[in-house]
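There are 6 protein chains.
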Amino acid sequence: MPVVHVFVWKGMSGEAKRKVIAGITKTFTDLGIPEQAVEVIIQEIPKEDWGIAGLPASEKLRDVMPP
Amino acid sequence: MPVVHVFVWKGMSGEAKRKVIAGITKTFTDLGIPEQAVEVIIQEIPKEDWGIAGLPASEKLRDVMPP
Amino acid sequence: MPVVHVFVWKGMSGEAKRKVIAGITKTFTDLGIPEQAVEVIIQEIPKEDWGIAGLPASEKLRDVMPP
Amino acid sequence: MPVVHVFVWKGMSGEAKRKVIAGITKTFTDLGIPEQAVEVIIQEIPKEDWGIAGLPASEKLRDVMPP
Amino acid sequence: MPVVHVFVWKGMSGEAKRKVIAGITKTFTDLGIPEQAVEVIIQEIPKEDWGIAGLPASEKLRDVMPP
Amino acid sequence: MPVVHVFVWKGMSGEAKRKVIAGITKTFTDLGIPEQAVEVIIQEIPKEDWGIAGLPASEKLRDVMPP
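Order-wise, the sequence lines are chains P, L, V, U, R and S. If you're matching positions, the first sequence starts at 5 in my numbering and goes up one per residue. If you're matching positions, the second sequence starts at 5 in my numbering and goes up one per residue. If you're matching positions, the third sequence starts at 5 in my numbering and goes up one per residue. If you're matching positions, the fourth sequence starts at 5 in my numbering and goes up one per residue. If you're matching positions, the fifth sequence starts at 5 in my numbering and goes up one per residue. If you're matching positions, the sixth sequence starts at 5 in my numbering and goes up one per residue.
Next comes chain P alone, as it looks inside the complex (with noise of 0.2 Å):
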């Protein structure tokens, strides 16, 4: 406890993955649960496989990319 699930576009730089792991368990962490029970659980969503508005966010968002 607790269990976090990060859905992100595909293509975020392991560097960039592990700052959210970090920063994360940090938020839990200043809360005074101990850090070895935080898990964070990263998902990697093509764009094409996300929509949004009722596009896939590979054409609604086309120019926009993750970090």
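Calculated from the structure, these hints are not laboratory results. It is possible that some hints are incorrect.
Repeated chains share a single entry, so a pair holds when one copy, or any two copies, can fit it.
Stated by the list, open to error - Below, simulated EDC-like cross-link-like pairs (lysine to aspartate or glutamate); rule was C-alpha separation at most 20 Å, straight line:
| no. | residue 1 | residue 2 |
| --- | --- | --- |
| 1 | K64 | E39 |
| 2 | K64 | E52 |
| 3 | K30 | E52 |
| 4 | K14 | E48 |
| 5 | K14 | D67 |
| 6 | K30 | E19 |
| 7 | K23 | E39 |
| 8 | K14 | D34 |
Fit chains L, V, U, R and S to the known structure of chain P by using the hints.
Structure of chains L, V, U, R and S alone, referenced to chain P:
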């Protein structure tokens, strides 16, 4: 709001995915929700990794294919 | 197949839920999937527990209500 | 993008939830993602319904409380 | 590792939940995974909020009850 | 009903997956649920994308492998 997670077997065509995104989004806009508020995240699961009745779907439903 | 998880704010009416279930199911039957294969799981989240732009939706979007 | 699902034990305070939402959102804005793109969905699970090491957390971790 | 999310209809008894936690955990310890690494999160969904074949399970499967 | 989502590290063998599907399904049939009602969806997560104690499992648990 809303966030919708869709799990389907791997192999769904791009055209079918577009219809899934459009159809689910329309379901919510018909209820008065603005389309830009609807996010649809599709995840494709290999049939080997989807169990039905105790067996992988790749065996249990060998001849059924995703649209 | 498919399994669809829907996350909405708490307070959606039973009538709206029925339309969500029917509309999402029809999206898949229109693709040739038999209706008995479609499962839709709706989860209502209190606005206090749904963060947008760093704040609970109960503050950020105080006046927006679920259908 | 991103969508973050957080699972914690039931009983987390409103103040702790606000910090979870703010901290996770900041993790992503630090990566250059606009804050309005970050959605955080917190779900509280009764300890009876959260198994660890084969037992409900209500027994296995009787004296540990959520923040 | 692993994390297991279980979705069932609302009304499952505490005894049945204990068996679900124990049985799923044993499935993984039989594979050599240490039991303390297995987390099982059970979420109960009202039958009104679980759609099957286009209808809420509360109508479609009126007489079926959770264990 | 039920729907079970299993998250494991990438690299689990096909034989182990079959045992996960069979074992989880049996857990529910032992409770009187018909086997055809049980769906198990396994998702494999690269160890780089699974954070434990603030670090990717690929670093924190470098020598632990999935079954």
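Right, here's what the structure says about each hint:
For the homomeric pair K64 and E39, the shortest alpha-carbon distance between copies (12 Å) is at most 20 Å, but the shortest distance inside one copy (38 Å) is not. In the homo-oligomer, the alpha carbons of K64 and E52 lie at most 20 Å apart inside one protomer (10 Å), although the nearest pairing across protomers, at 29 Å, exceeds that limit. Taking CA atoms no more than 20 Å apart as the test, K30 paired with E52 passes between copies only; the shortest distance there is 18 Å, against 32 Å inside one copy. When the C-alpha separation of K14 and E48 is checked against a cutoff of 20 Å, the pair qualifies both within a copy, at 4 Å, and between copies, at 14 Å.
Proximity of K14 and D67 under a CA criterion of 20 Å is satisfied intra-copy only: 14 Å inside one chain copy versus 27 Å between copies. For the homomeric pair K30 and E19, the shortest alpha-carbon distances inside one copy (16 Å) and between copies (16 Å) are both at most 20 Å. In this assembly of identical chains, the alpha carbons of K23 and E39 lie at most 20 Å apart whether taken from the same copy (15 Å) or from different copies (16 Å). When the C-alpha separation of K14 and D34 is checked against a cutoff of 20 Å, the pair qualifies only between copies, where the shortest distance is 19 Å, while the shortest distance within a copy is 29 Å.
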